[in-house]
Amino acid sequence: MDIIKEMHHDPFLQRAIEYWLDSANELGYQPLFCSWLSLNGHSVKYSIKSTVIEQGKDVVSVDANGKPYAYQLKGGDIDTKRWRSEVKPEIEAMIDLVIDHPDIDKRKKHVSYLVTNGEINDAVRLEITKYNESKWKKTPLKYLTRGDLLQAFQGMANGITPKDAVSYKQLMDLIFKDGHGTPNISSAYAFLKEIFKLDEPKRAKAEVKRLIAAGMLYATMIAGQYRNTGNYHSVVQVMVILITLIFHTVDKYKLEKKYWSECYKIIWEDLLTSAEKLENEISEKGFDPSQASPIMKSVFPFRVHATTSTIFALKLSQKLQGKDSWKTILDPEISQKYSGTIFAWGESAFIPVVFLALLLEEAGQTSSTTLIEDSISKIIEKNGRNAKEIDGLLSTYYNVEAAVEIYFNLALEPLEESFKCRSHLIKSLIEILVRLDQRSFLEKNWKEISHIRFESFTLEKMEDFYLWRAKRGENLTTYPRKQQSWAGLKKEAEEKNGKSLPDTIKKYPEFLPFFLSVFAHRANPDSLGYLHSKCK
Amino acid sequence: MIPDFPEANAQIMKMLNRHLKDQVRLKAPVFHMANITKAHEGDCLGNIDENEKHTVNKMERVESKFFIPNEEVETITTSDILKKLTEAAGSMASQMEIGIFKQMTKAVAETGNNLDNKPLTPDTLLDAMEKIPMSFEDDDISKPINNVLLVSEEGMKKLNEAESQSSPEEIAQRKEREQQIIKKKHQEHMDDLNSRKIVD
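Sequences listed follow chains U and W, in order. According to this note's numbering, the stretch in the first sequence is residues 1 to 536, in order. According to this note's numbering, the stretch in the second sequence is residues 1001 to 1200, in order.
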């Protein structure tokens, strides 16, 4: 495998990659390693996502000629003691046991690699050489160490680097952010969008693979600190941004799958794994208020909410993938853990509620309509004509990070917007109820609902759906009819089947819940209507 | 070059921007009475009214020049700068007020809610009250949400003069008429509320 390719040597980028690689463990660099294999023409067959390895193999791939490869990934230096007690037995299993995978010809001998982001000391190298000359002669062990990985990963960015010092600073700010917090979505999106060069009208298709690889490199570095602290919610958010940009690139340039789907699979698996780890953490430990310092008690509900929103997106995604694992949310013991974790800090807060409602509806539970009705009631209470507070609920353009800043008076700019008598989400919620034939609630509340203007955004181009903020488009205010025909409502609600959504996100609907948990302002009657139709 | 203090400069700029915004708010009171909505993206504003009429307006830029000529650079003081900023704010504010009055004039023309150039007196005020909708807090007749009267200083002076020159009977009659109007408006309010429903 040709690791060292011609590359533009960027010492600044090299230092940044070194910083990230030296602080990562094997699970931290594994997705990027798999992407690098894909970039080198390999098809990654499986990638173990935990510390339990299968038959000594963490990653298995097949090259363009059908030759199979097995890799065991390690973190840190390998000295003689570690080699003998931990690594060698696993290497022997990797070498001796055939790769058991339907796509791999068992008759073909696989090439075995030991990979580490540290160093292998001389004594261990000597021992490997001895074994390669003797018992491993037929299938000698190869290895990749820190220097090899650095060159490989730097090669992924080959020529695709931040355009100037300001962009480098932006990258550094993102990489060095406190791993306990959440990413600055707008900044991470802006940086990665620059890398994807989406403003250029044309794009050579073969170059796209490199762009995606470079995007993967930078996104992995940005997510590094969050991975190190086990902050999987934030890892998911970074991967959502990356996938969004990939889909945008695919739809804008009409790319065939061969240029991007391998890499997408790897990133998607990484996102899912991170979300599942978050779910497992909550399943085991629940939300323990003692995790929060007594001084920061008021922030805890926001932290809990952010976690729940990622997990509910995961459950809906699992449902859309046809996996039974979504049903764990129906288990009374599990669902009890999430009781009271969502509170109305803004309209974006209702999006995980919608996800839960769609899941409960699928399970035939009437509490699904109660969830939607309660959400509408809350919007009426906070944003309606009789609302006591001046400002009302923050619109879907404000995420939980912004809500925390506003709530604790930390925002750089004071909030000058009023949300009274307007809502970005209420129309979507109304149409869910209409599709569920819940007329009586709407009849009872139409007096108040009809005083709330329906706010929406009409995109100029379909693929602008993926943009964090679109330069062009119409901010539309719709005054509800005082007398609203039920038949008219039904017709409108039934028509919401994703016709305004770009092609790729419809081909991968399982990504949409995660997308909407980050890009909440894209939750509209059509996108939520599409999700609703996919759940049936 | 000699060192600067960029972080302090940034804080000072923030304060100056704050001053500019506060001045604009002060000098454009009508504009700021309207509910402020922020356009987070896009380049135009659209409206679909209750009759499904769709109108689209491009967003208009409000800007003003803030300029310090070379010859003033040496002698200009902080209060001079604040004065210039206040002037710039005034210019921006007047553009915003003109804009909103243009929209209001258009709306008045479309709805026919005008007083046919009658002079401003307590009676014509009551005529105006009869033409426009009124809301009630908690739908309670005793809690009308009063509309805002915009009148010039001169107009206000004349209004107060007319009121002070009114006889007690005239004042009582106007009071009675006001109560009748509120009662009528409350009925209209309740009728409007009760008309809002899901049909068929």
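Just so you know, the hints here were simulated from the structure itself, not pulled from any lab data. Note that the structure is predicted; figures quoted are calculated from it, not measured. Hints may be right or wrong, so weigh each one.
Derived pair list, reagent style BS3-like, types lysine-lysine, alpha-carbon separation capped at 30 Å [claimed, not checked]: (1) W:K1185 <-> U:K499; (2) U:K482 <-> W:K1014; (3) W:K1014 <-> U:K163; (4) W:K1118 <-> U:K388; (5) U:K471 <-> W:K1184; (6) W:K1184 <-> U:K388; (7) U:K491 <-> W:K1021; (8) W:K1084 <-> U:K420; (9) U:K277 <-> U:K193; (10) U:K420 <-> W:K1118; (11) U:K447 <-> W:K1014; (12) U:K388 <-> W:K1038; (13) W:K1102 <-> U:K193; (14) W:K1183 <-> U:K177; (15) U:K447 <-> W:K1185; (16) U:K471 <-> W:K1185.
Computed far set for chain W versus chain U, every beta-carbon distance over 10 Å [to be verified]: (17) C1044; (18) N1047; (19) L1120; (20) S1135; (21) L1159; (22) S1195.
Note that the Cβ used here is the ideal one computed from N, Cα and C, for glycine as well.
Please write out, lowest number first, the hints stated earlier that are contradicted by the structure.
Checked against the structure, the hints that fail are numbers 1, 2, 4, 5, 7, 8, 10, 11, 13, 14, 16, 17, 18, 20, 22, while the rest are satisfied.
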